[in-house]
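My request is simple: use the sequences and hints to build the entire structure.
According to the working numbering, the sequence shown holds residues 16 to 65 in order.
Be careful, since some hints might not be right.
[Stated by the list, open to error] Taking CB as the label site, the calculated pair distances span: (1) 25 / 45: 12 to 20 Å; (2) 48 / 27: 17 to 25 Å; (3) 58 / 25: 32 to 40 Å; (4) 56 / 30: 15 to 23 Å; (5) 27 / 58: 30 to 38 Å; (6) 26 / 58: 27 to 35 Å; (7) 56 / 22: 18 to 26 Å; (8) 37 / 58: 20 to 28 Å; (9) 17 / 40: 19 to 27 Å.
Because the hints were derived from the structure by calculation, they are not lab data. Glycine included, every Cβ here is placed at the ideal spot set by N, Cα and C.
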Amino acid sequence: MAAINVVQNDDGLWAVTAQGLVITGLSREDAEAFAEAFLRLHGERTPPAS
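Dropping the structure here:
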(Lines of atoms letter the chains of each structure in order from A and count residues from 1; the text may use other names and numbers.)
(Lines give C-alpha, C1' and ligand atoms only; values in the text may rest on other atoms or scores of the structure.)
Protein backbone atom coordinates (compact mmCIF):
# COMPACT_ATOMS: atom_id res chain seq x y z
CA MET A 1 0.00 0.00 0.00
CA ALA A 2 1.40 3.39 -0.99
CA ALA A 3 1.28 5.89 1.88
CA ILE A 4 0.90 9.50 0.78
CA ASN A 5 0.02 12.65 2.71
CA VAL A 6 -1.24 16.05 1.62
CA VAL A 7 -0.51 18.79 4.17
CA GLN A 8 -0.62 22.57 4.33
CA ASN A 9 2.66 24.20 5.35
CA ASP A 10 3.04 27.23 7.61
CA ASP A 11 3.48 29.41 4.50
CA GLY A 12 -0.03 28.52 3.30
CA LEU A 13 1.20 26.39 0.42
CA TRP A 14 0.60 22.66 0.20
CA ALA A 15 2.98 19.71 0.18
CA VAL A 16 2.72 16.08 -0.86
CA THR A 17 4.84 13.54 1.01
CA ALA A 18 5.43 9.84 0.50
CA GLN A 19 8.30 7.51 1.29
CA GLY A 20 11.34 9.02 -0.43
CA LEU A 21 9.32 11.89 -1.92
CA VAL A 22 8.54 15.47 -0.83
CA ILE A 23 6.94 18.03 -3.14
CA THR A 24 6.30 21.52 -1.76
CA GLY A 25 5.02 24.87 -2.99
CA LEU A 26 1.78 23.54 -4.46
CA SER A 27 -1.74 24.88 -4.50
CA ARG A 28 -4.27 22.66 -2.76
CA GLU A 29 -5.73 21.62 -6.11
CA ASP A 30 -2.30 20.71 -7.49
CA ALA A 31 -1.38 18.75 -4.36
CA GLU A 32 -4.62 16.77 -4.46
CA ALA A 33 -4.28 16.11 -8.20
CA PHE A 34 -0.70 14.89 -7.74
CA ALA A 35 -1.72 12.62 -4.86
CA GLU A 36 -4.57 11.12 -6.88
CA ALA A 37 -2.25 10.48 -9.85
CA PHE A 38 0.37 8.95 -7.54
CA LEU A 39 -2.20 6.59 -6.04
CA ARG A 40 -3.49 5.58 -9.48
CA LEU A 41 0.07 4.88 -10.60
CA HIS A 42 0.62 2.66 -7.56
CA GLY A 43 -2.69 0.85 -7.94
CA GLU A 44 -4.41 2.44 -4.95
CA ARG A 45 -7.97 3.73 -4.96
CA THR A 46 -8.21 5.38 -1.53
CA PRO A 47 -8.02 9.19 -1.25
CA PRO A 48 -4.92 10.77 0.30
CA ALA A 49 -4.81 11.54 4.01
CA SER A 50 -5.23 15.25 4.71
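Each hint tested on the structure:
{"no.": "1", "hint": "25 / 45: 12 to 20 Å", "verdict": "18 Å, holds"}
{"no.": "2", "hint": "48 / 27: 17 to 25 Å", "verdict": "18 Å, holds"}
{"no.": "3", "hint": "58 / 25: 32 to 40 Å", "verdict": "33 Å, holds"}
{"no.": "4", "hint": "56 / 30: 15 to 23 Å", "verdict": "19 Å, holds"}
{"no.": "5", "hint": "27 / 58: 30 to 38 Å", "verdict": "32 Å, holds"}
{"no.": "6", "hint": "26 / 58: 27 to 35 Å", "verdict": "33 Å, holds"}
{"no.": "7", "hint": "56 / 22: 18 to 26 Å", "verdict": "20 Å, holds"}
{"no.": "8", "hint": "37 / 58: 20 to 28 Å", "verdict": "22 Å, holds"}
{"no.": "9", "hint": "17 / 40: 19 to 27 Å", "verdict": "22 Å, holds"}
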